[in-house]
Amino acid sequence: MDLSLNPEQQALRAEVREFLTQNTELAELLIAERSETHYDEELFRAFARRGWLQFGLPGFAGGVLELCLVLEEVGRSACPGPFQNGAVQCGLLLGALANQEQRGDWLAPLLDGRRRASLCVLEADGQLAPSSILLRAEPVDGGFELSGLKQLVPYAGTADEFYVVARTRDGGPGEDCMSLLRVEARLEGIHIRPQRGVFDDGAGAVEFCRVRVGGEALVGELHRVWPVLEDQLLVAAVALCAEMNGGAQAALDLAVAHARQREQFGRPVGAFQAVAHRAADCLVEVDACRLAVAEAASRIDAGLDFAEAASAAKALCAVAYPSVTAAAHQIHGGVGYYEDSRLHLYTRRAEAMAQALGDASHHLERIACLWAPLPGRIARRDTGDSTWT
Amino acid sequence: MALGPVEPANQPMGHEPRNQESRPVDFSFDAEVEAFREEVRGFFREELSEERTRGHFDPRDLTGFDEAFERAHQRRAGERGYLGISAPSEFGGGGRPLSFQAAFGFEAAYHEAPCVDTAMTLVGAVMQGFGSAEQKVEYLPQMIRGEILMSIGYSEATAGSDLSGIAMRARLLDDGFELEGTKTLVTGAHKAEVMCLIARTDPDVPTRQGSSLFLVDLSLPGVEIERRATLNGWTLCDVHFRGVHVERKALLGELHGGWQQMAAALTSERSQLFHVGWAARDVDDLIQHCRSHERGGRLLCEDPFVRRELSRLRVEVHVALRFAKRVIWLQDQGRIPGHEAATAKLYATELLQRVAATGSSILGPHAALARGAHLAPLGGRMGWARLERIHGTISVGSNELQRSAIAQMGLGMPRNA
Ligand SMILES: Cc1cc2nc3c(=O)[nH]c(=O)nc-3n(C[C@H](O)[C@H](O)[C@H](O)COP(=O)(O)OP(=O)(O)OC[C@H]3O[C@@H](n4cnc5c(N)ncnc54)[C@H](O)[C@@H]3O)c2cc1C
Numbered sequence: 001m002d003l004s005l006n007p008e009q010q011a012l013r014a015e016v017r018e019f020l021t022q023n024t025e026l027a028e029l030l031i032a033e034r035s036e037t038h039y040d041e042e043l044f045r046a047f048a049r050r051g052w053l054q055f056g057l058p059g060f061a062g063g064v065l066e067l068c069l070v071l072e073e074v075g076r077s078a079c080p081g082p083f084q085n086g087a088v089q090c091g092l093l094l095g096a097l098a099n100q101e102q103r104g105d106w107l108a109p110l111l112d113g114r115r116r117a118s119l120c121v122l123e124a125d126g127q128l129a130p131s132s133i134l135l136r137a138e139p140v141d142g143g144f145e146l147s148g149l150k151q152l153v154p155y156a157g158t159a160d161e162f163y164v165v166a167r168t169r170d171g172g173p174g175e176d177c178m179s180l181l182r183v184e185a186r187l188e189g190i191h192i193r194p195q196r197g198v199f200d201d202g203a204g205a206v207e208f209c210r211v212r213v214g215g216e217a218l219v220g221e222l223h224r225v226w227p228v229l230e231d232q233l234l235v236a237a238v239a240l241c242a243e244m245n246g247g248a249q250a251a252l253d254l255a256v257a258h259a260r261q262r263e264q265f266g267r268p269v270g271a272f273q274a275v276a277h278r279a280a281d282c283l284v285e286v287d288a289c290r291l292a293v294a295e296a297a298s299r300i301d302a303g304l305d306f307a308e309a310a311s312a313a314k315a316l317c318a319v320a321y322p323s324v325t326a327a328a329h330q331i332h333g334g335v336g337y338y339e340d341s342r343l344h345l346y347t348r349r350a351e352a353m354a355q356a357l358g359d360a361s362h363h364l365e366r367i368a369c370l371w372a373p374l375p376g377r378i379a380r381r382d383t384g385d386s387t388w389t
Numbered sequence: 001m002a003l004g005p006v007e008p009a010n011q012p013m014g015h016e017p018r019n020q021e022s023r024p025v026d027f028s029f030d031a032e033v034e035a036f037r038e039e040v041r042g043f044f045r046e047e048l049s050e051e052r053t054r055g056h057f058d059p060r061d062l063t064g065f066d067e068a069f070e071r072a073h074q075r076r077a078g079e080r081g082y083l084g085i086s087a088p089s090e091f092g093g094g095g096r097p098l099s100f101q102a103a104f105g106f107e108a109a110y111h112e113a114p115c116v117d118t119a120m121t122l123v124g125a126v127m128q129g130f131g132s133a134e135q136k137v138e139y140l141p142q143m144i145r146g147e148i149l150m151s152i153g154y155s156e157a158t159a160g161s162d163l164s165g166i167a168m169r170a171r172l173l174d175d176g177f178e179l180e181g182t183k184t185l186v187t188g189a190h191k192a193e194v195m196c197l198i199a200r201t202d203p204d205v206p207t208r209q210g211s212s213l214f215l216v217d218l219s220l221p222g223v224e225i226e227r228r229a230t231l232n233g234w235t236l237c238d239v240h241f242r243g244v245h246v247e248r249k250a251l252l253g254e255l256h257g258g259w260q261q262m263a264a265a266l267t268s269e270r271s272q273l274f275h276v277g278w279a280a281r282d283v284d285d286l287i288q289h290c291r292s293h294e295r296g297g298r299l300l301c302e303d304p305f306v307r308r309e310l311s312r313l314r315v316e317v318h319v320a321l322r323f324a325k326r327v328i329w330l331q332d333q334g335r336i337p338g339h340e341a342a343t344a345k346l347y348a349t350e351l352l353q354r355v356a357a358t359g360s361s362i363l364g365p366h367a368a369l370a371r372g373a374h375l376a377p378l379g380g381r382m383g384w385a386r387l388e389r390i391h392g393t394i395s396v397g398s399n400e401l402q403r404s405a406i407a408q409m410g411l412g413m414p415r416n417a
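Each protein sequence line maps, in turn, to chains A and B.
The first sequence begins at 1 in the working numbering and counts up one residue at a time.
The second sequence begins at 1 in the working numbering and counts up one residue at a time.
If you're looking for bench data, these hints aren't it; they were derived computationally from the structure.
Cβ coordinates follow ideal geometry from the N, Cα and C atoms, glycine included.
One thing to keep in mind: the hints can contain errors.
[Said to hold, decoys possible] So the derived list for chain A, only partly shown, Cβ under 8 Å to chain B, looks like this:
no. : residue
1   : G197
2   : Q264
3   : A352
4   : S361
5   : L364
Just chain B, same shape as in the assembly (with noise of 0.2 Å):
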């Protein structure tokens, strides 16, 4: 992707250009990245046809597919080398820029496919910055041919905004760790090889010089996964730890230093791209539907209302691309996005509840209707969007925390505590 200079977000619009001879800012992906997404978009088209995923729903799951589907799926994305496409070769990794890994994540959240929250998207980083070369060489090929899901294990019911209040403990033993206490709120744990966790190895300083990562087996004896149903119908997990024992080897990076490399992989991809393929696909759908539907024996489309919203929302999905798009430039570079990976996570969340809200609004008393209920406009996709898009704005660093993220970092406010 060719971007031009990023404009400081404390500099006043409508100044004289700074560079008259720049090219006009180009907003396509490279040439190549373009290739790579027309081909994955092949590969979902044919994954994600009816008679392949015929049979395969399952709505306790967060991706809609049962554990079996997912898991074929993510082996054949692994195979064609789509998993680790930008992660390094000598582990099986495609070694390209971390455009090809958010065009695929674009791609899979448009197509809808459980091919989001994979093993490499949730701890391709941390395992990449702080793994053991054994770790890598354990892990890393596993996670990039799809062979193995995982889940991370960070937030716990006194720690969500705030992780300093975490309580889990690792207690060092002689051969290894003993771990006490309880994640919540954890994606896809009850399908999940291994966590990725946090918690206190010394409980006599503050969590953030006394705690550690770990790469922890799910099926070790202690373990006890509890699936919640949320009020989207698919299931979250809290993970009980109760004496489990550990290695030595379980332990991720430096013994005490979790915090520090919790917080650097969190600058790993951070273009949240796909949140913006699901928003593209949203509105593409409505658009199609008002294209060839009718109300007051008129098309949807033609009515004015529909057609403004509409091309509001296409102009809002644009700007959630550009935003996207200048967070995976600044990292392709090798720099660290500040309030610009903020402004991206804000953005795509929030536009995607403006879209299922004005997609509602559209559909009228309809949208309200399930998924899959009889006669439901796009399958009542709308009513599932309406409620699956609430928790977009609260995890992943909730966008109150965003926004000061922003006032910060991007307008150098001052710290409030």
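Extracted from the complex, chain A is given alone in its bound form (with noise of 0.2 Å):
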């Protein structure tokens, strides 16, 4: 077990954070989350030039690790944008499915931020499973004809381009019968509804009428995506858990700044041991996510098997970062209630991360199907007598 972060580990956070905390003040994202947008896209165009979220995805330097670290600093400033839906699984998913010249005309542009595209998975009953993906691609004239209703789907009125999870054929729950379409946004057929969350993240429900799209639509090989999506989505969950930590980590500090200054009964209230355990036990929480997310990427990056490790990191991170918001507003009293505090930023995000690629109970049953697989589902990997190492 190796915690330390190389040189270049090192000067990569110091980079990200420094150019973060410019451009974050609390007025600022509040701006950017209410505006037409619901994020600063020149901000984010300049994060995403200088390369930071091309880490993790074949043929660029640097691995997830270097992801999470930039991750866990977009995290810990609370920055709004399509980090992750847009840039981080899209690029994951084009990345492990998308040919030669797809990669050229599609991946670089979103990465480097001139492209905005979305991810649209989710359904009417949220769940991240073949069984709960109605929406449909009927194959016509060599390409595919789209009808159905994707939810949840982040920065929906914004993107260019929506890369949609899409059933092409019946049979059973659909494992096998999920295809990966590019559909340009501005296609007729297609409705955008918006579905404001507690932290609003541009989400909204996109409907597609009979929407038609040409047969270099299709990403990865056809009925087929559905076993890459669930490996590259639970990447993606690490570099999530990432950006939750930072996010936790930010909420805990502000609650200990305050119990260090605050004082009531002639102490700081940090002095009072009600006060200084529930700080300590959000520690406690948050070490336990770091070490999780560091174990899964490096897993990932030195090309072991990441499932479990993966999937342990949401469940963990899915109940931390809630559960050390809520600690934090116990501990700053009534004035975290205020909206001019920083502390509603990252209770906000808590929500709807907690939820986003599979909550805890999700992850935990995917756990239990490494050591127990369920009859008539497909064991992907056999976990061994001992995983203890």
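Work from the hints to combine the two standalone chains into their complex.
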């Protein structure tokens, strides 16, 4: 176990932090979140142009560990933008599925911020499972016709293109009936209605009414993208966890700073054990999450099996982030409930992120499927006899 | 409500029953209270029907309704005698036991009526306990009829859990007092006519010996009310008093006796039954939702996880209800609840947080949608609740202080400063 960062990693972290602290005052962030685009596009492009969202992709320098360092800083700054769904998730999918030409045409502009993409997966019941994907893409004239409703699509209103997970044939729950299609966002038949969340990430319900695309829109193998999607979204979950950890740490830092300075009954409230112990519990939780993310990321980078480590990270972070923000509120007392405290930036994000890419029970179930596969479900990996390494 | 003997908290469980003949404990309210509740329920159903509320929503107000609606609604509740149901009849009150008032609070919360923070619930106790005959005549009938809104100004920037840190001054003049200072985190001051506040009247002695309560007309010159947004969209207030001149009759109770009066008033209706009303509503709505919505091809209520979690919450709502009823039972007997009141507050406010957390995990990613969002389950109630339930464990005596109270009063633990 080596927890140290090498000099390049340290420099990267410092650089990202410096960039973000200059541009993420509370007032600026709220203006961005409430603007028509729901994030500062200029700022996001400047960020992307620095190459910070390319880590962890095949053909680019740096690994998922570097990506996690970057996203932890994004989480700490609470900067809104399509970091996860638009860049990381679409990027990972293109990296894993796209052919040479598609990568050149689509991946590069996405990673340097020239084009804006949103990945459309979830539907009415919100589950990340093939049986919950009902949107159809029928083959017609060498292309496809899409009909169905995607929901909770981040930054749906500003996206130039959607990557849509669609059912391309019938059969069972559909693990082998799923395809990925690239759809220009301005095509006829696409209707977007905002779905404002407690953290407004520009989410929308995107309706596809007989939307036609050509055969070149297909990314990856017809009918067979689900296993790749599942794997890549597991990598993406680790990246999301890194952002969550940055946020949880920032919320804890705010609470600790407050507890040290706020005096009641003639002493700093942090001197009361009830307060100090609760903050200590937060540190334990955040540390657990940090280590879990570091482990998952290094397993991915080393080409080792990462399924359990990644699901463990998300199962931990999905609980820890909201629990840390809740504790931070309690420690802040009333002043933390005002909108002019930064704390809610984290509280509101924690709500959305805990559920994104699978909540705690989703990932615990996936771990269960590793040590006790359910009948009818394909066990992708054998965890072996002892997994306590 | 009939309830068996209250167990001392430090008595180990499982001893032989002390009273073999005692009837099984009956946890329902008395028939009379139940009848009253039924009546009140009908009232709220009608009052909060869609036609009545349409066009009156206001997310900037804690109640979710605009002021015109709130005032009209409270007047109608007042006309029916609900607001002062447990207040003395000489001022127009109903003279009924506190269980009636608590039952009303429960139903108001359950129906999300803008009738939880009424002038009576906020200031009624201190007014009845310490108001002069003149003040009672002036204010109580209006409060009971629902014709006036009030607010509470105890907290300041330097004084939250420890109110002895207040800095607000009330300088004694020949013809009254001059108020100088700022109250913070005040609920509803932007619409209230009056604030009940505490200020230091003798700065040369400790706060406990040199403070007084006042009833201040918020329209007086020098009062400035600043609405500050909370993280859930509605506003609290900072209220600035700059050389505000009040008459002598604004003093509530004894000069320099404010601290003791404030403490005594805090032991008034303390069941916190309204918290339980909110929790019961959340759980009922979740159950309804799960009985009528599917996931992965089966009803949510058929999912074993959902079944157990919702059952657990039902159990816990009933626990909270019993804790609250125990407090009412003590109070209706003229006893002052100790750790029982702290227990009721602690449990109910933390239960509200658990309900929102569990509810969100049951509803899935859509739970994080905001109120009124397109295709949000339960109209976005859980996302709103996740943010709304944060403050219950902080205000009205933080839960850390409640735990200390339970340890000291319920268990006789030594005090730590
Ligand atoms: C939504 C809302 C509405 C409110 N409405 C009103 C109102 O209408 N009128 C009014 O006067 N006030 C109101 N308040 C203020 C409320 O009474 C205070 O927030 C509360 O008393 C806590 O004080 P504080 O916020 O200053 O927290 P602090 O006292 O600063 O406490 C910070 C943290 O330290 C802990 N702590 C403090 N002392 C101890 C101790 N001795 N032992 C262990 N832990 C301790 C607290 O539990 C808390 O976790 C409201 C607050 C909120 C959030």
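Checked hints:
1. G197: Check passed: Cβ of G197 of chain A comes within 5 Å of chain B, closer than 8 Å.
2. Q264: Check passed: Cβ of Q264 of chain A comes within 4 Å of chain B, closer than 8 Å.
3. A352: holds, 5 Å
4. S361: holds, 7 Å
5. L364: The hint is violated - L364 of chain A has no Cβ within 8 Å of chain B, the shortest such distance being about 11 Å.
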